[in-house]
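Could you build the full structure based on these sequences and the hints that come with them?
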Amino acid sequence: MRRLALELLISAAAITASGATAPKVAWTDHKLPNDLRVLVAEDHHAPVVSVAIVYNVGSRDERKGRTGFAHLFEHMMFKGSANVADGEHSRLIQNNGGRMNATTDQDRTLYYDTLPANQLDLVLFLEADRMRSLDISKENLDNQRNAVQEERRLRLDNQPYGRTFEVLQALAYENSYKHLPIGSMEDLNAASVEDVAQFFKTYYAPNNAVMAIVGDVTTEACLARVKKYFGDIPGQAPPPQVDMTEPPQTAERRQTVEDPLARLTRLDVAYKIPDAKSPDLEPLQVLSLALGGGRSSRLYQSLVRDKQVAAQTGTAVGETRGPGLFQVFIAVAPGKPVPDVEAALDAQLEAVKTGEIAAWELDKARNAARRSFIGSLGSSFDRAVLLAEYTAFLGKPDKINTQLDEIAAVTAADVQRVARKYLRSESRSVVVTNPKADAKSDGAKGGA
Amino acid sequence: MLRTLALVVALSAVQSAPPVKTPQPKGKAPVSNEILRVKLPRPAEADLSNGLHLIVMEDRRLPQISFEIIIPGAGGYFDAPDRLGIAAFTAAMMREGTTGRTSQQIAEEIDSMAAGLGVSASAASWSASISGSSLTEHFDRLLKLTTDVLLHPTFPQEELDRYKQRTRAGLVQQRSSPQFLANELYSRVLFGQHPASRVSPTLEALDKASRDALVAWHRERYVPDHAAIAIAGDISLAEARTRLEAALSGWKKTGAAKPVVENPADLGGARIAMVARPNSVQTSLFVGTQSINRTSPDHPAFVVANRVIGGGSTARLYNNLREQKGYTYGAYSGLSAGLYRGSWQATTDVRTEVTAPAIDEILGEIKRLRTEPVPEAELQEAKRAMVASFALSLESPETLINYYITRWQYGLAADYWDKYPERLMAVTATEVQQVAKKYLDPSRLQLVAVGDAKIAETLKSRGAVEVYDTEGKRISN
Chain D
1 MRRLALELLI SAAAITASGA TAPKVAWTDH KLPNDLRVLV AEDHHAPVVS
51 VAIVYNVGSR DERKGRTGFA HLFEHMMFKG SANVADGEHS RLIQNNGGRM
101 NATTDQDRTL YYDTLPANQL DLVLFLEADR MRSLDISKEN LDNQRNAVQE
151 ERRLRLDNQP YGRTFEVLQA LAYENSYKHL PIGSMEDLNA ASVEDVAQFF
201 KTYYAPNNAV MAIVGDVTTE ACLARVKKYF GDIPGQAPPP QVDMTEPPQT
251 AERRQTVEDP LARLTRLDVA YKIPDAKSPD LEPLQVLSLA LGGGRSSRLY
301 QSLVRDKQVA AQTGTAVGET RGPGLFQVFI AVAPGKPVPD VEAALDAQLE
351 AVKTGEIAAW ELDKARNAAR RSFIGSLGSS FDRAVLLAEY TAFLGKPDKI
401 NTQLDEIAAV TAADVQRVAR KYLRSESRSV VVTNPKADAK SDGAKGGA
Chain E
1 MLRTLALVVA LSAVQSAPPV KTPQPKGKAP VSNEILRVKL PRPAEADLSN
51 GLHLIVMEDR RLPQISFEII IPGAGGYFDA PDRLGIAAFT AAMMREGTTG
101 RTSQQIAEEI DSMAAGLGVS ASAASWSASI SGSSLTEHFD RLLKLTTDVL
151 LHPTFPQEEL DRYKQRTRAG LVQQRSSPQF LANELYSRVL FGQHPASRVS
201 PTLEALDKAS RDALVAWHRE RYVPDHAAIA IAGDISLAEA RTRLEAALSG
251 WKKTGAAKPV VENPADLGGA RIAMVARPNS VQTSLFVGTQ SINRTSPDHP
301 AFVVANRVIG GGSTARLYNN LREQKGYTYG AYSGLSAGLY RGSWQATTDV
351 RTEVTAPAID EILGEIKRLR TEPVPEAELQ EAKRAMVASF ALSLESPETL
401 INYYITRWQY GLAADYWDKY PERLMAVTAT EVQQVAKKYL DPSRLQLVAV
451 GDAKIAETLK SRGAVEVYDT EGKRISN
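For the record, the sequence lines run as chains D and E.
Letter 316 of the first sequence, counting from 1, is numbered 316 in my numbering, and no numbers are missing.
Letter 368 of the second sequence, counting from 1, is numbered 368 in my numbering, and no numbers are missing.
Simulated from the structure, these hints should not be mistaken for lab results.
Dumping the calculated DSSO-like pairs for lysine-lysine here, alpha-carbon to alpha-carbon at most 27 Å:
1. K436/D <-> K164/E
2. K227/D <-> K26/E
3. K336/D <-> K208/E
4. K138/D <-> K325/E
5. K454/E <-> K473/E
6. K26/E <-> K138/D
7. K28/E <-> K138/D
8. K228/D <-> K26/E
Quick partial rundown of chain D residues pointing at chain E, CB under 10 Å, derived from the structure:
9. Q94
10. L120
11. L154
12. R155
13. Q159
14. G375
Predicted model, so just to flag it, every value in this text is computed and none were measured.
Even glycine gets a Cβ: it sits at the ideal position worked out from N, Cα and C.
Put into structure tokens, the structure is as follows:
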């Protein structure tokens with residue numbers, strides 16, 4: 001503990017060196033001979049280590065008839081490998097005081113573990129064993145198929161607006177972002193053991209992964225262990241690249257969903273934006289905060305508080321490897337006509353494009369970026385995930401440090417420019433979800 | 001009484017299934033057998049001149065500060081039964097206008113600093129809470145704003161009307177969530193008319209709430225006499241004390257008596273209740289009972305028992321219902337223990353078709369905990385998991401300070417958290433079985449389900465079933 005206390009002083013000094021200069025995250029970046037990329041960032045504040053592994057595979061890589069497969073596969077990764085029994089991974093991490101889980105989205109599959117730092121060998125062994133030698137059996141597949149189908153029911157089929165998310169995605173995209181990572185029941189049923197084996201070989205190779213290790217480790221010793229556990233896992237041919245190009249959208253798309261589980265009408269509007277590498281992403285994030293961030297936001301103040309046509313509003317900027325979406329969601333206040341709500345929304349978008357962006361709105365975005373960055377400095381898990389994702393998505397782990405400056409450099413003119421460029425009615429997809437009283441009907445209808 | 005008996009018989013009859021096997025570990029992974037024992041840093045504490053208790057967890061590593069003010073007596077527990085929600089409405093409205101600022105100005109000031117500031121009073125809580133966080137450089141501004149919100153809210157009628165409008169929509173909307181409906185009915189079944197049964201204000205109370213009622217609630221109940229403020233981050237006790245004495249000089253001691261709460265009445269026996277929710281494709285299940293007070297000597301053993309049966313994805317319920325049977329995405333249990341008796345429950349969501357066997361498995365696991373001592377290896381793993389995870393909390397002063405808020409709230413010993421790991425490690429298999437026997441007896445187990453109306457038939461084989469609609473109205477028995 002004495003050693004820790006000393007190092008705590010050093011790291012505290014390093015991070016809070018100056019009020020004016022933003023602290024930076026430092027790491028080392030390595031590639032094993034099998035092309036596994038490994039980033040290590042030391043932080044001796046607490047006796048904790050976090051490991052994040054991003055595999056460059058998500059639902060965008062799924063072929064027709066196998067939607068939901070990347071996520072189903074993620075579940076298989078907890079069912080054992082050559083030296084680890086079914087469920088033993090979770091048990092060993094949790095029974096030694098750690099936390100672990102995994103998540104699959106359109107672009108990547110992320111596995112993560114946080115545990116007391118004296119268990120570094122354990123976590124590296126576990127992650128390496130399943131990267132090398134996954135145990136693939138029909139019994140495990142059937143069991144996890146059930147779990148995933150229940151996950152789909154829990155999150156989508158038994159919840160209000162579950163169908164809305166699927167319809168919006170399908171409406172907005174023509175590429176493989178068209179379906180959600182959870183997939184369809186039919187496709188989940190069709191997945192076979194052969195699919196699992198092929199997918200494992202193609203995508204779960206060291207050359208298709210990035211691993212970030214953050215916490216109470218020493219870089220050299222940590223790398224030696226990484227080499228010991230991961231060094232002999234053979235690389236594979238690079239996986240096929242998916243073409244994510246979207247044809248330009250020239251007219252608004254619109255669909256209505258009748259939802260028997262919903263109580264309030266909901267309006268979802270999604271505008272096409274570029275991928276996460278675009279320098280327009282930062283201005284779009286500032287725009288999103290001005291329009292939809294918190295109670296000071298334009299949509300809340302206007303639609304919820306002032307006009308009272310909405311009960312709730314929100315915006316989100318997709319940071320995706322293919323073309324993304326700028327999304328607006330509005331819970332319509334009971335009894336308010338949707339056209340009135342849409343008109344109120346359009347008026348706010350118009351005001352951003354042609355009116356003024358206030359200085360405090362830019363402050364809001366800058367301070368939000370700073371708080372989020374400083375928050376990540378307090379969490380080895382956050383930093384591990386950011387480093388692994390920025391590396392896998394952008395090839396730029398340094399984004400963890402530059403993001404702040406990029407947000408701070410955004411001007412009012414930038415915000416207006418991206419609003420004019422992307423928030424255009426012909427490039428939007430609109431889904432209106434209406435509560436449906438009749439219990440017997442089954443879902444979506446309508447058309448563009 | 002007859003109904004209870006019938007349930008007990010039915011519950012006993014279904015539990016003959018053999019225990020579920022966990023696959024044998026291969027034991028090849030390199031585990032460090034040393035449990036990283038950490039000493040949690042202690043906060044500095046002091047009392048301010050107005051009686052407010054100050055707890056500071058100083059951590060200079062990052063330029064940020066967070067705080068929570070806890071105000072006993074201002075929570076929903078103390079709402080009059082015919083005015084449920086006044087506590088929650090008052091808390092929410094404190095941010096909607098003060099003598100110095102409009103609702104919009106408050107929102108802009110908070111968001112432009114990217115700070116947080118919220119006032120809340122949950123439906124069954126004895127206290128209200130004001131919590132905030134900001135960068136260090138904004139802390140003085142945030143503190144001024146907090147003082148304004150705490151001491152000078154004006155509850156403008158116009159803002160109250162707006163608040164009612166949007167809150168009404170939220171109260172309607174939450175009834176579409178099966179988990180909300182299950183929790184609401186379970187709390188009613190468990191606690192009857194006791195305030196512990198409250199989960200949300202009602203539409204009627206919202207409509208009736210007057211500005212005068214909110215003003216009076218704020219004036220009478222937001223007093224410092226028995227309150228505490230916990231601050232974590234880039235600040236020392238001395239700095240915090242100086243700032244707070246200045247900022248809160250207008251918050252005067254009133255001599256109010258310390259608010260007291262009472263335990264809920266004992267259960268009248270086991271019940272089965274359901275919400276018929278049209279178009280459901282899953283059944284949301286709660287099986288459980290009243291638990292213990294936080295200061296109960298049974299607490300450590302109950303915590304370990306809960307961990308063994310349902311405290312995570314390595315516990316028995318998850319292993320059985322998800323990993324072995326494939327009935328669900330997750331199955332867990334939870335223990336709450338507070339100033340008054342809390343609850344213990346197993347919860348899961350399963351596809352409608354397997355409602356009956358899922359209930360059998362949950363009851364089977366509860367029975368196994370009562371009738372068989374937990375095998376030594378499993379017990380050690382469960383305890384080790386909890387004790388070793390303390391190391392992770394050292395990353396965050398916000399997590400650490402919560403331990404000491406708990407200590408203050410329940411009057412636990414100064415060295416409570418120093419000794420807690422030992423206390424957990426000392427729990428034996430016999431003690432786990434004893435708490436299971438004492439609290440999880442079938443005659444005390446309540447079963448609540450939310451799902452398709454047709455599950456009523458399944459449930460009836462276990463005893464009389466009370467059926468409610470999604471508005472909470474009894475529709476049949």
